[in-house]
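There are 2 protein chains.
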Amino acid sequence: MRIMVQKYGGTSVKGLERMRLVLARIQKAHQEGFKVVVALSAMSGETNRLLDMAKEFSPNPDPAELDVLVTTGEQASVALFAMLCKDAGLRARSLLGFQIPITTNSNFCRARIMDIDTQRLRGLLEDYDVLVVAGFQGVDCLGRLTTLGRGGSDTTGVALAAALEAEVCEIYTDVNGVYTTDPNLCSNARKLDRISYDEMLEFSSMGAKVLQIRSVEFAKKFNVPVRVRSTFTDDPGTLVTLEDTEMEDVLVSGIAYDKDQCRITVRNVMDRPGVAAAIFAPIAEAGILVDMIIQNTGREGRTDMTFTISRGNLDKTLAILEKLKPEIGAAEIQHDTNVCKVSVIGVGMRSHSGVASMMFTILKKENINILMIATSEIKITCLIEEKYLELAVRTLHDAFGLSQAPTPAC
Amino acid sequence: MRIMVQKYGGTSVKGLERMRLVLARIQKAHQEGFKVVVALSAMSGETNRLLDMAKEFSPNPDPAELDVLVTTGEQASVALFAMLCKDAGLRARSLLGFQIPITTNSNFCRARIMDIDTQRLRGLLEDYDVLVVAGFQGVDCLGRLTTLGRGGSDTTGVALAAALEAEVCEIYTDVNGVYTTDPNLCSNARKLDRISYDEMLEFSSMGAKVLQIRSVEFAKKFNVPVRVRSTFTDDPGTLVTLEDTEMEDVLVSGIAYDKDQCRITVRNVMDRPGVAAAIFAPIAEAGILVDMIIQNTGREGRTDMTFTISRGNLDKTLAILEKLKPEIGAAEIQHDTNVCKVSVIGVGMRSHSGVASMMFTILKKENINILMIATSEIKITCLIEEKYLELAVRTLHDAFGLSQAPTPAC
Numbered sequence: 001m002r003i004m005v006q007k008y009g010g011t012s013v014k015g016l017e018r019m020r021l022v023l024a025r026i027q028k029a030h031q032e033g034f035k036v037v038v039a040l041s042a043m044s045g046e047t048n049r050l051l052d053m054a055k056e057f058s059p060n061p062d063p064a065e066l067d068v069l070v071t072t073g074e075q076a077s078v079a080l081f082a083m084l085c086k087d088a089g090l091r092a093r094s095l096l097g098f099q100i101p102i103t104t105n106s107n108f109c110r111a112r113i114m115d116i117d118t119q120r121l122r123g124l125l126e127d128y129d130v131l132v133v134a135g136f137q138g139v140d141c142l143g144r145l146t147t148l149g150r151g152g153s154d155t156t157g158v159a160l161a162a163a164l165e166a167e168v169c170e171i172y173t174d175v176n177g178v179y180t181t182d183p184n185l186c187s188n189a190r191k192l193d194r195i196s197y198d199e200m201l202e203f204s205s206m207g208a209k210v211l212q213i214r215s216v217e218f219a220k221k222f223n224v225p226v227r228v229r230s231t232f233t234d235d236p237g238t239l240v241t242l243e244d245t246e247m248e249d250v251l252v253s254g255i256a257y258d259k260d261q262c263r264i265t266v267r268n269v270m271d272r273p274g275v276a277a278a279i280f281a282p283i284a285e286a287g288i289l290v291d292m293i294i295q296n297t298g299r300e301g302r303t304d305m306t307f308t309i310s311r312g313n314l315d316k317t318l319a320i321l322e323k324l325k326p327e328i329g330a331a332e333i334q335h336d337t338n339v340c341k342v343s344v345i346g347v348g349m350r351s352h353s354g355v356a357s358m359m360f361t362i363l364k365k366e367n368i369n370i371l372m373i374a375t376s377e378i379k380i381t382c383l384i385e386e387k388y389l390e391l392a393v394r395t396l397h398d399a400f401g402l403s404q405a406p407t408p409a410c
Numbered sequence: 001m002r003i004m005v006q007k008y009g010g011t012s013v014k015g016l017e018r019m020r021l022v023l024a025r026i027q028k029a030h031q032e033g034f035k036v037v038v039a040l041s042a043m044s045g046e047t048n049r050l051l052d053m054a055k056e057f058s059p060n061p062d063p064a065e066l067d068v069l070v071t072t073g074e075q076a077s078v079a080l081f082a083m084l085c086k087d088a089g090l091r092a093r094s095l096l097g098f099q100i101p102i103t104t105n106s107n108f109c110r111a112r113i114m115d116i117d118t119q120r121l122r123g124l125l126e127d128y129d130v131l132v133v134a135g136f137q138g139v140d141c142l143g144r145l146t147t148l149g150r151g152g153s154d155t156t157g158v159a160l161a162a163a164l165e166a167e168v169c170e171i172y173t174d175v176n177g178v179y180t181t182d183p184n185l186c187s188n189a190r191k192l193d194r195i196s197y198d199e200m201l202e203f204s205s206m207g208a209k210v211l212q213i214r215s216v217e218f219a220k221k222f223n224v225p226v227r228v229r230s231t232f233t234d235d236p237g238t239l240v241t242l243e244d245t246e247m248e249d250v251l252v253s254g255i256a257y258d259k260d261q262c263r264i265t266v267r268n269v270m271d272r273p274g275v276a277a278a279i280f281a282p283i284a285e286a287g288i289l290v291d292m293i294i295q296n297t298g299r300e301g302r303t304d305m306t307f308t309i310s311r312g313n314l315d316k317t318l319a320i321l322e323k324l325k326p327e328i329g330a331a332e333i334q335h336d337t338n339v340c341k342v343s344v345i346g347v348g349m350r351s352h353s354g355v356a357s358m359m360f361t362i363l364k365k366e367n368i369n370i371l372m373i374a375t376s377e378i379k380i381t382c383l384i385e386e387k388y389l390e391l392a393v394r395t396l397h398d399a400f401g402l403s404q405a406p407t408p409a410c
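Protein chains in written order, with UniProt numbering: chain A, 1 to 410; chain B, 1 to 410.
Just chain A, same shape as in the assembly (with noise of 0.2 Å):
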């Protein structure tokens, strides 16, 4: 039995029209001789319209009751477009997260599959040429709703094709694929027709929405080759797939960032140990994550700890860090909402050095200071001020040479 699995986001089955186009790419991979699996979002719009209802509701919405409302936006996908595939001749039925069952932890909204019946899967696909699963949802041990958070259709895509050990997994979204920066910000950011499960990795980090990161250590986890592709063009798309000697070879893949940045710097804290673990464990118990971290080297017994957060969590992480003033002995807390990230990503730099000094060559060449550095194998990132981002995106990206395919080295 050849299986292939493919997701479609928000903006491919919003409305008749787009679904039908939807149903020619499932019918195609039919009569190729493929048993097709169709994980599907909610119309675009739709599970936004449900986090509005429940936010008049209530100022606070229980998690497993939002999970209960945000569902229905996949339940309704699915409804109506195995009603299209049937009309169309196709054996098709939909299913639900607790039919098949997917089978999450109990961390409702931001749920993790931990299991996927794939004997009942592949019965099914014994009676069914289509079958049309809700993304994004799935069930607990206890038979409540959970969902897997933004972008968890694409974690149900990629997890149904290592659970059916499927040829080809294709998330279908709005783009041609992954580009080597954001084409809104560059007018000459180019598709890459591959890109390792590592860089992508990256890639989603830094929000780049073109597959949630999940799915992408999903893939990365059971070596699932993901197409990335559109549903509106003929274009293949990219290939997320294992790292490679050709991939190696390029120095840097790819220029990402992100403005939903925000700094805070602690100052003249006492220097001593445990007062980065006194600081950071009240801020990771609220839930908040941080990014970058930098502790000075310390002056007098004392010293001044600078890091990163996103910008809504602003206002819950200096009532921490007010409360935590006595106990850290911090003189002054400062913060700063008008940074940003920029990086550049690429396995290359794990054989290749000098990466990181290029990329400050060239900021600096445009005056542009950098506020904080962070480094890790395959990227290297800056925090600038926000208003030289699209300056600095289009310099670097120009500066790699990443509008150009690169040559194959001899």
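Hints are all accurate, no fakes.
If we take Cβ atoms under 8 Å as the criterion, some of the chain A residues that face chain B in the derived model are:
hint, residue
1, Ser58
2, Ser94
3, Gly143
What the hints contain is simulated information worked out from the structure, not anything from laboratory work. Even for Gly, the Cβ is constructed at its ideal location relative to N, Cα and C.
Fit chain B to the known structure of chain A by using the hints.
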């Protein structure tokens, strides 16, 4: 454990303000020491919105997928209402049909409840003050979603009350109770304090939209006292209950009518055994409900067959009859949509004769011609021209003295 079931219709849950009224009622019951099981409909308008969407996608939507689609309406209601309950400090959660489960047969779009897992519900009532159950929906033995037909939330409410042996089952709607006739037609219609199951069945089958007919059958079968009342007033409503001698003293309890009628006459069919079966079997197979049937005394081996159906089934029925013409030897098929049914209803008829002739006399006085007559133990129905409907209802209502509360017989 004192258990109360309350069911709220679509107008009672449409929007935050109305749901707050529902919440107040539930808090009151909770304070009185009840565990409350609340069955909710979809917000009014929502089911129609979903059905219209389905029609846009498919001329004849797959019934199983239609159920997946329309169940989202109740799902949204229960999630939002459970949020409200939790914010109000009640221990509450939502329950979908499959989570209880409410098991039905697989007759999609008009399924029947086969079983309710009472033990599980009682277990949940140990942990929760309020269980918010999605009305209208169930799950078949294969785990597919089903719905109970229009008005099915009433049946959910009554079935839950029966399964849990609840003290009371209150059906909240936007009217104060059951009236002697439609108050829109007859300004001196009087609200009934009590009505028997059998009378309520006749009212419901006549299209009075107060209770789904199946919920009344259920209530009768399990002897569940049902109180029909308004969410928006403090009126105690109407108690639907077992017949007692006091009720039998009342000759006529109410006047019902049904405008959705259409009369078909098949002229000059062969008057031989089996001709009725030959006509009505194919109509029944097409899922069309035939209501009144009259076969005239035959002459010269020929007879006329007259019957009524709902107007929506006219074209389908005529097509079936046209095909049958040669087989049944019919000369002509006539139809008339300008007709309606009017009925007098009362358990008192069981022990009092003469109601039928009183009805005929009253109609004759107003020069209203009777086209067809049908009788049951507690109902007399006349088919009349539609233009006389209001006149007939008002005249019968007055003549049987229904605007006055009955005085108990000495």
